[in-house]
Structures are given as C-alpha cells and as structure tokens.
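Sequences are here, hints too, so could you generate the full structure?
Next come the chains, spelled out residue by residue.
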Amino acid sequence: MPKVHVQTRINGEEIDFLCETRQSLLEILRDELGLTGTKEGCSNGNCGACSVLLDGVLVDSCLVLAVETAGKDVSTIEGLATPSQLHPLQQKFLEHAALQCGICTPGFIMAAKALLAKNPKPTEHEVRYWLAGNLCRCTGYDKIIRAVLDAAAVMEKA
Amino acid sequence: MAEATAEYKVIGTRPIRPDGADKVTGRAIYGGDMRLTGMLHGKVLRSPHAHARIKSINTAKAEALPGVKAVVTAQDFPVAEDRIANLGEMAVNVKLLSNNVIAVDKVLYKGHALAAVAATSSHIAEEALGLIEVEYEVLPAVLNVLDAMKEEAPLLHEHLTTTELGQKTDKRSNIANHMRFTLGDPAQGFRDADIVIERDFDTATVHQGYIEPHNATALWNEDGHLYLWTSTQGAFVVQRQTAEILGLSVSKVSVTPCEIGGGFGGKIAVYLEPVAAVLSRKSGRPVKLIMSRIEEFEATGPTPASHIKVKMGVKKDGQIVAAEASLMYEAGAFPGSPVGAGCMCIFSPYAIPNMQVDGYDVVVNKPKTAAYRAPGATNAAFASETVIDELAEKLGLDPLDMRRLNGAKEGDRRVDGPTFPRIGYMETVHAALEHEHYASPLHGPNRGRGVASGFWFNVGFQSTVVINVNADGTVSLVEGSTDIGGTRASIAMQAAETLGIPYEDVRPTVAGTDGIGFTDVTGGSRTTFATGYAAHEASLDVLRQMKERLARRWDSEVEKEFEGQAERASVQITPDDVLYASGVFKCAKDPSKTMTFKDVSAQMARMGGPITGRATSQPRGIGGAFATHIVDVEVDPETGKVAILRYTAIQDVGRAIHPSYAEGQIQGGAVQGIGWALNEEYVYNTTGNMANTSFLDYRMPTTLDLPMIDTVLVEVPNPGHPYGVRGVGEVPIVPPVAAVANAIYRATGKRMTQAPMSPGYILSKLNE
Amino acid sequence: MAIVFLSAMLQPLTGGVSQVRVAGRTIRTVINHLEERFPGMKERLLQDGDLRPDIAVAIDGELALDGLAESVGEESEVHFIPPISGG
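Protein chains in written order, with my numbering: chain A, 325 to 482; chain B, -14 to 753; chain C, 130 to 216.
Just so you know, these hints were derived from the structure itself, not from any lab.
One should not assume that every hint holds.
Ranges between beta-carbon positions, derived for each pair [claimed, not checked]:
#: 1; chain 1: A; residue 1: Lys327; chain 2: B; residue 2: Ala590; range: 56 to 62 Å
#: 2; chain 1: B; residue 1: Glu143; chain 2: C; residue 2: Glu203; range: 48 to 54 Å
#: 3; chain 1: A; residue 1: Glu450; chain 2: B; residue 2: Pro125; range: 50 to 56 Å
#: 4; chain 1: A; residue 1: Asp379; chain 2: B; residue 2: Asp61; range: 46 to 52 Å
#: 5; chain 1: B; residue 1: Ser567; chain 2: A; residue 2: Gly336; range: 46 to 52 Å
#: 6; chain 1: A; residue 1: Lys327; chain 2: C; residue 2: Asp177; range: 54 to 60 Å
#: 7; chain 1: B; residue 1: Asn455; chain 2: C; residue 2: Asp189; range: 40 to 46 Å
We put the CB at the ideal spot given by N, CA and C, even for glycine.
The structure is reproduced here in structure tokens:
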C-alpha cells in the first residue's frame, strides 16, 4: 500500500510522517513516532486508553485515521509536563494514588484536561459523566475522581 | 497527608510512588511499548470452531506474501511431555500448557491458537493469517458445566479420566477431578437443625478485564540465548514455563518484566511468549506480539462459570449446625479450575461443626480458565452468603448479627481441616455493625441494603531482595516483584523503616530473571507481605554488616588505649555492643562513640568494602484475609437496572503499609465484584462463539456506574510478619456479588440465584 | 505423637478412619508410618520421592515449606490439602 505524507502539529511541534491510509493515529503515534505514552487497550473506541486531543477535542486515537490529522493540532500526554514540573493533573493523580497499574492514566489525564478546559469547576457527577468513556480496572475510580476535583481546584486558583 | 503512627516513621504514611512520574507522563515502558531494531510484528491464527480436529494446515501462501518473514505451527515446537511440573504458582501439566499455547491435533475452543506469522507490519501479518489454509473436522461442542458432566456429553480429551476423591480412575469423562472435604457429621447436623435451606446458583464466565492486552517481545539470538520482554505478573514464571515448552534450560532464557497494565491473575500463565520466541528463531529477528481485545476475551484465561448447590441448617438460636455444598466449575478446555479453593473458602467465615463440600473440575469448549483475584472464592461466596442471608431472615436476625453469632475465630476449623491462627473476621463484622453506613436510614421504594462476607487464604511463596548501600547513605533496593499497584513504594517503605532512613533514600528497582534471585508472582496477595519481608530481612543484613564493621573500628580504637592489659576482654567491642536507632549507631560500652548511617556509608571503602544486604523469604504465618461489605442499591422496576447508591468495604488488612494503596486494592476489587454482580458475562451463541467480545458489550463498570467506594482498614496485625502485614489484594472481590444480590432482594423481594444480575434477569424475576 | 487428619479423599484407604495418631519427627517418617497402617498411602501422597505437586501439607495451620523434611511436633496437627495459589 503506497504511503501518504502527512504534516501535522503534535504537542506544539511541527511533525511530519509517512503512513498508509489504513493506519490509525494511535498506531502512528506509538509505532512510527515513538510516542508510546498514548496506550492501546481495545482499538475499537471502548476503553479510552488512547485518548488524545485533536484541535482541542477529546478523541479516541484508535478511531482517528492518521491522515485525518493533516494540518491539525494533536495533544498527547507527552505534552503536558514542563521540563521541571508536572501538570497539576499529573501531580494530583500521584498525590491521590489515582493510579495502580497506570495503563489507563494517560487517557484519563487527557480526558480530564479536556473536561477542565471546558468546565473548570465541575461537580463530582459532571466529572463522572465526562470520564465515563475511560475505563479503569484497578482503582474503582474513587481516587481518580478525587484527583480530578482536586486538580480543578488548584488550576482554578492559579 | 497521613502522619506516621507513634510506632513507625515511614509505615502508615502516603508518599508518592517512585515510578509515579514515569507513569503519569507516559514514559514508563509497558510491554506493548517495546521497540527493538529490526523488530517484526506477529499475529496468531486462531480456531473459528469451539471443537474440531485439525486435519491439515497449509502455510505456503502465507509464507509467500511479501513482508512475511516466518510462519509457525505446532510442528515448530518440541513435543511436550505429559508430566506435572512446578512452573509458577501452581503445579502445571506441561503437555496441556503447551497445547494451550499452540494446538497440536485438536482445537478445543474458539480462539485456540494453531499458527502464527511474523511480518514487517502488523497489517501484513494479519493479511497473511487469511492466507493460511486449515482443514477442520468440526466436532460437537459442550458449552456448560452441567452438560459437560452428563454421561452422553462429547469428550474433549482422549485420555482424560476422572480423579475421584484423590484416586485416578479409568472413567473417561469431562470431569477431571471430583474432590471432597468433610468435617463432623453433616447428616446428624441437618437432623438437629430447626431450619434447613437448599438453593442452586449459576454464575457466568467472567474476564479479569485488565485494560492492557497481553504482549510478548522475543529475541532468540544466534548464540542460542532467548531474550523475552513481556508484561507479566511473574518474570520467573514466564522463564520457567517458556523454557519447559521450548525444551530449553532456564539459563538460556532471560525475561525482562516490563511495566504491566493490570493482571489480576490473568497474566501469570504464558500465551504469547513461546510463540514469539519460535517466530524469532525462524525469522532471525526480534518479534513482538500483542493481543487484540477479541483475542483477550477468546483466548486468555477467564474465570470459571459455575453451578453451585448450597444447603445449610440452623437452630432457632441462630447457630449454624450443618452446611453442605457442591461446586461445579468450568475449567475451560484443559483441567485446572480453582474449584479446590472455592471449596475451601465457601464456609470459611463461619464456625460450623458439620460440613461437607464437594468440588468438580469440569472441562468445556471454552478458553482455559486462569486465576482472577481470589480465584474460585467469589462464585462460592455468592452462593453461601445468599443462603446465610436467607437463613438470617427466616430467623428474624439482622444479617450482620447472624455473622457475629457464627463468625470464625482463632482456633476454629475450616472444612479442609486446618484451624485458623489469629484472624480478623469478627473485627470486620463489628466494624460493619458500628459503621455509620449500616446505621443510616435507606428510604424510598425499590431500595435495599445488603451485606456479605468473604475469606481468602493469601499466600507467602518466595521472594529475593538485594539492598546495595550507596556512598551518600541512600540505598538501591533490587527486587523481582513487578509493580502493578504501588508495591515499589510499599516495599521501599518497609526497608526505609527497618534501616531507619527516609523513604526518599530508598531507590527500588524491579529486576528480571538476570538481575535478581527467584521471586514468585505479584499476585496471591503476597507482594507487600513476602517481598516486604525479604526487604526487611535484607535491611537487617545491611545493619548487621555495618555493626560488624563499626565493632571492628571501635574495638581497634580501644586497642590503642589498653595495650596488653587484663581488662582487654571486658572492654572488647563486639557487634552486639553496637546499637542502632533513628539513623545513628552507638557503642553501648562507650556512648561517646557514635556514627550515623550516612557516615558509615561514606566510609565503606575504608571499612571493609561495599555493603550489600540480601535476603530470601518464603514466609510462614500468612493467616488469611476477611472482608465484610455493605451496599445500598436501587432497582428500576421498569428496566431492571440496578444503581449502586452507596458502598462500604471493610477488611482486616493486618497493617496498612501505604494506606492509599491498601485502599486502592479494596476499592478496585470491590468494583470488579460489582461488575461481576451486575453485568459482566461471556454471552455465548449456540456454536460456542462469544458474542460480546468488546468492552462495549462486555460491560465493566464506568465512572458513571459507581459512587465513591468507602473503605475501612481494620488493623489486626498479623503476628507472622515483622510489620503485621496481611495480604490485601484479593479478598475484596469475594463479597460484592453476594452483597449486591442480598441488597437486590431487599429492594425487590426476589432472591437472586444467577450472576450477573443483569437487567434482563432482574426483569424476569420481577415478572415471575 | 502427632495427629494426622485423613480427609474424605484419603478415607477410602483408611476404611473411614478420619484421624490417627502417628509417630514421626518429620513428614517423611509420618508418611512412612501411615503407609504401614494404611497401605497405598505413599502412592497417594508421593510422586518421584517427593510430595505430589497437587498436595500441600499444613502443620498446625501453617503450610509446610520444607517438603518431606518439614518437622512435626509432638502435638502437631497434620493436614493434607490442595495447594492454594492466587490471582
């Protein structure tokens, strides 16, 4: 299958790559670009482990074809921390022990980031509703919800 | 932030885990993230039939597809011996394990592997699968335990005969094993009972549902050495099982455990590793395989569906006088369900003088079952805890009072024989009785509150820990327990406590088979307990060595002052004279002589050389874990949907090293139990195909399905561990299904005898 | 002498006897004495000179870790049970 040349922006950086039209964004991120922070859980849009932002919109990257990102902005987990500091969401996830195996964590953090960009002061129910597209099997979600609410409070003050 | 108790400086606090930054930034390398130069992608061809003979496999067209570098079948594997070996947590039949990894002459479940391809891209590998031609002779399939036990059932295995009460027989059957445990005289017990209840229960096949699929990357070097990278609960299990299947010495197999995205017992046995290895050898390149979600459901190790009969008899005063149970578990395509554990757990929360429990391990045309958190116990508790609830109701007793009256204590005997050591069951019942949740009113129609208890043994098993002292007084701790839920932290905390140094000064590393001594799986509720034990012992070894060196140093200083005098012996400084507390060594015979841990570390080179503490552990004194859960539900009478309004999980944890991670284990296990109770099941069609092989229809709980999960950590320190640790990881999954069933009963007046209690089932019960 | 509990699965060999006092300071000698009392016991409990992989021994409620060499006290309770693992 001949490859297409795609030019896009990932975490603010101009990136270009070659891909087959059948390859998902998830596959290109992980296998082509070495950005393995975005995880694969089911590859059919049901677990949210592959959540990224595409032009600020929360998407499952397993359901986006890589060619669709041409000229767009992609945000992945790798773009959140600064060289010296974790993002408040990352910090709060650690403080609240909101991760056990950690495989769902990048997806949850990206989803929470998208939520807080839209709704900086969500209620517990709103957080649960927004994050229902992300599955976690280890934590039972309790500490994840607490971490997101705490991060929201911290980000609000800043 | 919790503070250390008066007793401990580190234990009981909630520090950030050492691998935390890696995991929240996405930098941590899980098995699926592995990349090696020249790496190929592998895919596995799996049977479309639940039961069939393989008449021929033709791989020529697949091999010819450009980009394909190797195709393998059972022909590329050694012929496996029919013998039992100890290859991990349990004794395993090598032939059966190998046949599950790759089918030889029969496929025994839809999804059973029979060939594999390595190619330059996963897409090409997938295309190649479609070019492999297989001729099958389809055979009738048997898809549930009761059908499989019938005389006329199709048999899965030529040579499988029933082991009847410990004795191998000649009877060819799908019943691999019938076991029995007895205590006292159940027949007399039932005659003495005032009320007897007998009920039947059914549970469906359920998957552990870890979000990360199985993966394996193999490099079979030209020098004959096999390197494996995999997400596993136990690198040494992978090493041993792969070596056995491939006919290699373990010294030829190096396993590096990557970070792992959940296991719960399902990532212990090998599936992909031997296949990746053989593909690597044949292609001459590294090969990575990752399962798709469909393969996860169809071809890994779910937990057994089961049929369970429970009969219990009580006297009017509430004493349970007799109990009987018959547990029939689906083992899947090969024998080895956890029915034994189910039998040994089912009545364990109670002191019952007369019991008989029968267990049947039965093969069916479904994937071979594997462990799932307290394997075998959840099915059993669903049955027994529901019957106890019904008995309490008939007696007019509060269900927790029923448990208080009959609860197991130290010295009480289990049905399999041994008596309990110091345990904390009654403490969990009292904590539940006194909890605000239990006292709070539950108003409104269609609402109900249920309780249930559960027991799990926990295991000890083997761990190795090495602690290397750095010149700045920090230490590197090397261990072999893959960190699935925060154990780097809980193990480092125990070492820090024993060494008397700050938690931040302990740098834990998880090593593979080349880097650390034998360590059993992360699982079985053993890691914080047994690897922590080894960390404690290794820390004592470090301190012992430091004391020896200080004794020599301080004694040599005394030498200068007392040359040739008779009092020499009485002033000689031995290691026993060196005391240690809070980071400072002090000489008992001369308090002016002190040295800090940091100073000793800085001077190691001039005091005898590097200091490395080491210990292996295979602890006794495990004790077992108990839990009691309380749940409030609301049932929608129109849709049958059950909402969880409130959940409290109470558990005896011995001592919580890192309370957040102990809570996390309880919350996670409870929620898996809620999923098991309400929605999760393998839905099979009539030809043995699982119809719901995606997370859309294999419905696990989401954030929207749950409230916060409250936990109560009851601490009855385990006398068998230096810090009182009891394993916590598994027992939380034991009570929830029964607790939810009992709550639904109180909300609807209908007893649940089937799990999951999905909306359709509940509606059918409401409309009875 | 230690008390050996004979489970429902061993009772076919013992004619229904469920408990018996047996001399022996280790599991090895206890099993040897059991064999004298109840022929066939060794074949049930041992394989290749060691405990069968599908049998564990609990002494006073504790799992024995030293196999046949595990010591048995004067008043110990000995049980043969299925091994437990976990998930």
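The hints, checked one at a time:
1. For the hinted restraint 56 to 62 Å between A/Lys327 and B/Ala590, the CB-CB distance of approximately 58 Å keeps it satisfied.
2. Roughly 49 Å separates the CB atoms of B/Glu143 and C/Glu203, a value that falls within the hinted 48 to 54 Å.
3. For the hinted restraint 50 to 56 Å between A/Glu450 and B/Pro125, the CB-CB distance of approximately 53 Å keeps it satisfied.
4. Separated by about 48 Å at the C-beta atoms, A/Asp379 and B/Asp61 satisfy the suggested range of 46 to 52 Å.
5. Taken as a hint, the range 46 to 52 Å holds for the pair B/Ser567 and A/Gly336, whose Cβ atoms sit roughly 49 Å apart.
6. Between A/Lys327 and C/Asp177 the C-beta distance comes to about 59 Å, which sits within the given range of 54 to 60 Å.
7. Evaluation of the 40 to 46 Å hint for B/Asn455 and C/Asp189 yields a pass: the beta carbon distance comes to about 43 Å.
The earlier numbered hints are all upheld by this structure, with none contradicted.
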